[in-house]
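Given the structure of chain A, go ahead and fit chain B onto it with the hints provided.
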Amino acid sequence: MISPVAENINFNVQSGELVALVGTNGVGKSTLLRTLSGIQPKLSGEILLHNTLLSSYKSNQLAKSLSIVLTEGIPTKNLSVLEVIALGRQPYTNWIGSLSSKDIDVVKTILNDTGLNELQDKKCYQLSDGQFQRVMIARALAQDTSLILLDEPTTHLDIYHKAYVLKMLKNIVKTTTRSIVFSTHEIGLALQLCDKIVILQKEKSIFGTPEELIKQEVFSDLFGSDLISFDPQTASFKIN
Amino acid sequence: MNTTKSYYPSLLILGVFLIVSFVVNLSLGSVSIPAKEVIYALLDRPVADESWRYIIVNYRLPKSLTAILVGSGLSLSGLLMQTLFRNPLAGPFVLGISSGASLGVALLIMGTSIFGGVIGFGLGYSAGTIIAATVGSFLVLSAIMIVASAVKDTMTLLIIGLMFGSITSSVVSVLSYFTQKEQLQQYIFWSFGSLGNLSWNQLLLLCVFVVLGVLIAIYCIKPLNALLLGEHYAFSLGINVKRSRYLIIISTSLLAGSITAFAGPIAFIGLAVPHLSRQLFPTQNHKIMIPATVCFGAMIMLLCDTVAQLPGSTLTLPINAITSLVGAPVIIWLLVRKRKMIF
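Chains A and B, in that order, give the protein sequences.
Just so we're aligned: 222 in UniProt numbering is position 222 of the first sequence, and the numbers increase by one with no gaps anywhere.
Just so we're aligned: 196 in UniProt numbering is position 196 of the second sequence, and the numbers increase by one with no gaps anywhere.
These are calculated hints, taken from the structure and not from any lab test.
Just so you know, nobody snuck in bad clues.
Label pairs and their computed distance ranges (CB to CB):
1) B/Gly15 with A/Ser98: 17 to 25 Å
2) B/Leu139 with A/Thr109: 52 to 60 Å
3) B/Asp153 with A/Asn60: 23 to 31 Å
4) A/Lys102 with B/Pro46: 54 to 62 Å
A few chain A residues that don't get close to chain B, going by computed Cβ distances all over 12 Å:
5) Ile159
6) Ile172
7) Leu193
In this text, a Cβ means the ideal position worked out from N, Cα and C, and glycines have one as well.
Okay, chain A solo, but in the shape it has when bound (with noise of 0.2 Å):
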């Protein structure tokens, strides 16, 4: 028997919104990520990809509107960057993977909008960290899906690129219709910029804005507070 490792979640996601996922250690968030992605199975309840099962998806429809970027590199880092991005176009390509010109321009497209242009014939073991999330993000963009979920974008990163990613994912929000859901230990940059945020708890998580969620002072007891205290004027947290 699966136990599960956190119950009652219930958010929705609107085309344009962004919408960081956090919680504690442990509390489920690469898990509930996998979950939404189809890769894992749910253990119960419903999710819903425009308005459809995510189970009735069939894998060639579901690539076609949700794409991931996860926190474990990729196993080969000997594919240069144009590789890797134009792999993204599998989902459209025919059964040998040719890409077709209308691939090529959306790869370049890509390329232009990340600012990847002059990494993209390097191998991804030639990149440094902020570059190689800003590939993989690149690749998500690639999919052209509705959804792109992203687990922990910012981690291994410096300050400077954690601000990087975040305004680049804010940024494809606002430019186009996709939705994006990432998980994030990044509360303050999160409260800043994204749209919504689902606090993931045991017993039950909370959904809002970053206003409602404020307000409603759930972020003072979401870590133990003999350590930590969220300051709500700054939308920051302490060391006590």
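Structure of chain B alone, referenced to chain A:
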């Protein structure tokens, strides 16, 4: 922009080298035959010495074709296993195919002396070993396929394959311990591998298996490329990971299984050639890697065979010794330059 096209000229050059090695392989041996005469003999034109035609058509041509099938098949299955298991040290035999074949042949050759039976030898030595090797690798592989359906994780499968390999090789050790020296020698000779024992009919059969394996691999190019990003990303790209895993294993089994049955357990080629191809073609796209590995594998095997013939002498070295002599330094070189290891 289309990254695959830029590799076509290199592939063409590799193809030319392959043809050259083929002709060189045919012309060198205990009797040296000029390349021009080799080509005449192949084209059915008159040759200076009719005995040359006999040597080429009945002896060297089947052996060279076997070398091509063995080299390309093993290299391709090595590539498939390295991609599937995301491991640069995987080879065609990580799933226990060669250990299964060894067990079958060991039981046939040494089991008869221990248990006093007369299995197989009525069929003639060569056909008996082929059948024994086939049955052995098929049984071990079936066991692994059953396990594969139970485990989700590909890495677990790799470990289980290696465990099966250990079990079978220890059974072979026990058999060797109790067997008589003539049978032991016979078994050891089989384990050296051989390219020259195949009749035209057997060659045709091997060809059918290898072509089938290559076709399945080509059909899997798209999932193989997706798997370069890992299984989760492959799934999110719409790939049926489980089905692709089965197809890749089936292709490898057809290739490595039939080759081991017909030519014995040829070492190292399957592990080393994909790495060599990556040095020459700095891409991971299987659309390029599959033809490159197939050509490279065939070429290396032809060269190994040419060396093993010790041109100008009547002596022939065991092919397995030569492939390892080529393969082992490659692995060492790869480990030494690990800082920039291309995988």
